[in-house]
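Novice: As they're listed, the protein sequences go chains A and B. Counted from 1, the first sequence has number 564 at position 96 by my numbering; the numbering is strictly sequential. Counted from 1, the second sequence has number 528 at position 237 by my numbering; the numbering is strictly sequential.
Heads up, some of the hints might be wrong.
DSSO-like, lysine-lysine: derived pairs with alpha carbons at most 30 Å apart [unchecked claim]:
hint	chain 1	residue 1	chain 2	residue 2
1	A	K665	B	K313
2	A	K471	B	K433
3	B	K358	B	K460
4	B	K441	B	K418
5	B	K414	A	K665
6	A	K665	B	K358
Hints were generated in silico from the structure; no laboratory data involved.
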Amino acid sequence: MSKRALIIFLLSIPFLFILNHFISNPSLFSPYALQIIVLMGINAILAISWDLIAGVTGQFSIGQAGFMAIGAYSSAFLTLNYHIPLIFAILFSAFLSLLAGFLVGIPTLRLRGDYLAIATLGFGEIVRVAILNMNCLGGARGMKGIPILSSFFSVYLVLAISLWFCLSLLRSQYGRMLFSIREDEVASQMMGVDIVKYKVFAFALSACLAGIGGALYAHWTSFIHPDSFTFMKSIEIILMGVIGGMGTIYGAAIGGAIVTLLPEGLRLLLEQNPLLYQNKEFIRMLFFASLLMIFIILRPQGIFGKKE
Amino acid sequence: MREELLKVENLTVRFGGLIALKGVSFSVFPGEVLGIIGPNGAGKTTLFNAITGAVIPQEGRIIFEGKDITSLPPHKRARLGIGRTFQNLRLFSRLTVLDNVKLPAGSPYPAFAPPLLLPSFRKGEEKLNEMALELLEKLELKQYKDRPAKALPYGERKKLEIARALALKPKLLLLDEPAAGLSHQEAVSLMEELQRLREEFNLTIILIEHNMRMIMGYCERIIALNYGEIIAEGTPEEVANNPAVIEAYLGEQE
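The task is simple: from the sequences and hints, build the whole structure.
Specialist: Laid out in structure tokens, this is it:
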């Protein structure tokens with residue numbers, strides 16, 4: 469990354485800090501607006517995490533919600549029971565989801581295409597059902613009363629760091645190796661790339677980021693439930709990545725923000741019509757599904773992807 | 292007697308019931324250009340795949356610089372110095388020409404160096420750039436360096452594959468039909484270029500080629516394969532006049 473990028477990154481920290489004061493001020497921004505803005509940031513982190521493994525490395529994983537759940541529950545468990553600061557909770561959940569990424573990645577990344585998708589889908593469901601049956605994590609009651617430790621500042625700081633980390637990695641020899649795996653696995657091996665090692669590397673990093681996103685999410689909403697991390701959540705994350713543009717990272721981040729914002733606009737429209745409002749969940753699903761199809765047909769490279 | 296660079300012993304590859312290679316044995320000596328000919332389906336590309344590790348042979352051994360590499364994974368063989376090109380071009384098509392050539396050099400810095408902007412990252416990238424630009428310069432591809440590989444004309448893509456393989460700093464270069472699909476003129480100039488590169492980089496080359504005229508003029512020794520077996524070995528003249536080779540190519544004499 470260039471010097472200029474570094475300066476932008478470093479300047480963004482005090483900028484976020486100042487912005488935090490304005491955005492968190494209820495007389496300037498309604499709690500509703502703040503809610504949306506913070507969720508946009510969290511979803512951007514999740515979309516980046518998916519883009520790293522699917523868009524950059526070409527391994528179509530659909531278990532992102534599973535890693536997110538691991539991060540959310542492990543960090544919430546710590547802050548609820550041991551009252552530790554957010555940063556340590558995040559570091560712990562990052563470590564745990566990284567570990568989970570390694571453990572899941574080593575056997576599953578030998579699979580290709582559809583098989584990998586099914587295996588990661590299965591993993592996500594296993595995590596969800598396991599949590600559902602664990603009383604210490606609240607089981608089917610969910611976990612409530614998690615201290616609200618996430619803020620606009622912490623979420624967007626983590627987003628800035630993730631963007632910096634992923635983008636600089638992408639512009640290095642490591643990024644080239646990950647891209648080469650996506651482009652042609654056989655040729656990549658023949659050019660000296662240990663493809664199993666770098667797939668696991670990308671998968672674990674992706675899991676780690678999803679876990680961090682989950683931790684921020686838990687400490688923002690203050691209530692988490694296994695239903696927050698269903699297969700549909702993984703699909704939503706994929707939608708963000710696809711709309712933003714796979715393999716660009718920053719595109720995924722913007723995709724995450726857009727996909728968070730759009731349903732809110734939709735809600736405003738629906739509220740004017742009681743009949744539509746009654747079926748709002750149905751319309752929401754219809755809307756997401758059509759959006760995904762429209763993008764795949766008309767602009768498969770996403771908003772920011774380069775034209776094929 | 293010179294020490295052989297590559298020694299293939301009794302190599303057998305089966306795909307289910309199909310025998311692609313049957314007890315193939317030969318040696319390649321440093322600095323040599325060995326040609327491999329044979330009709331379609333004779334097992335030429337399978338032989339390359341077995342040497343580079345893309346397919347695992349059921350029997351036999353592959354020895355490179357005195358070391359048994361039969362069970363080594365492909366990326367380790369590449370690092371030992373076995374580079375190759377592909378018959379149907381397998382470039383990283385969405386990466387730039389420059390990135391295609393930088394990739395095979397491996398990483399000179401650890402993964403945490405780029406985000407932390409460590410000096411090892413900057414220096415490593417400078418070196419990679421220098422190396423890649425030098426190779427592109429030699430193959431006259433420098434003007435395309437920032438274009439995606441797939442945007443290049445066919446002949447240039449073939450040259451890019453050679454540049455990419457050279458970035459591995461190979462001792463042994465396997466070329467799978469480098470002249471296929473090129474016009475006669477392009478093919479001749481490519482062969483001249485290969486000759487130059489071979490002297491400059493001290494390469495040993497194994498070459499698969501369909502164009503008989505090309506292979507006759509360029510190789511010192513030729514192996515003819517048919518149905519996975521070596522049917523003839525020798526100088527170009529010997530092989531071209533070998534009755535078994537003529538039969539394999541043209542059919543039995545009436």
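Novice: Would the hint linking K441/B and K418/B be met if the CA-CA limit is 30 Å?
Specialist: Given pair K441/B, K418/B holds - Cα atoms ~25 Å apart, limit 30 Å.
Novice: Is the Cα-Cα distance between K358/B and K460/B 30 Å or less?
Specialist: holds (18 Å)
Novice: Taking only the CA atoms, is the gap from K414/B to K665/A under or equal to 30 Å?
Specialist: holds (25 Å)
Novice: What's the verdict on K665/A and K313/B, does the C-alpha distance respect the 30 Å limit or exceed it?
Specialist: The given pair, whose Cα atoms are some 33 Å apart, is violated under the 30 Å limit.
Novice: Would the pair K471/A and K433/B pass a check requiring their Cα atoms to be no farther apart than 30 Å?
Specialist: Holds, because 26 Å separates the two Cα atoms, which is no more than 30 Å.
Novice: Would you mind confirming whether the straight-line C-alpha gap from K665/A to K358/B stays at or under 30 Å?
Specialist: holds (24 Å)
In this structure, the one hint that does not hold is number 1.
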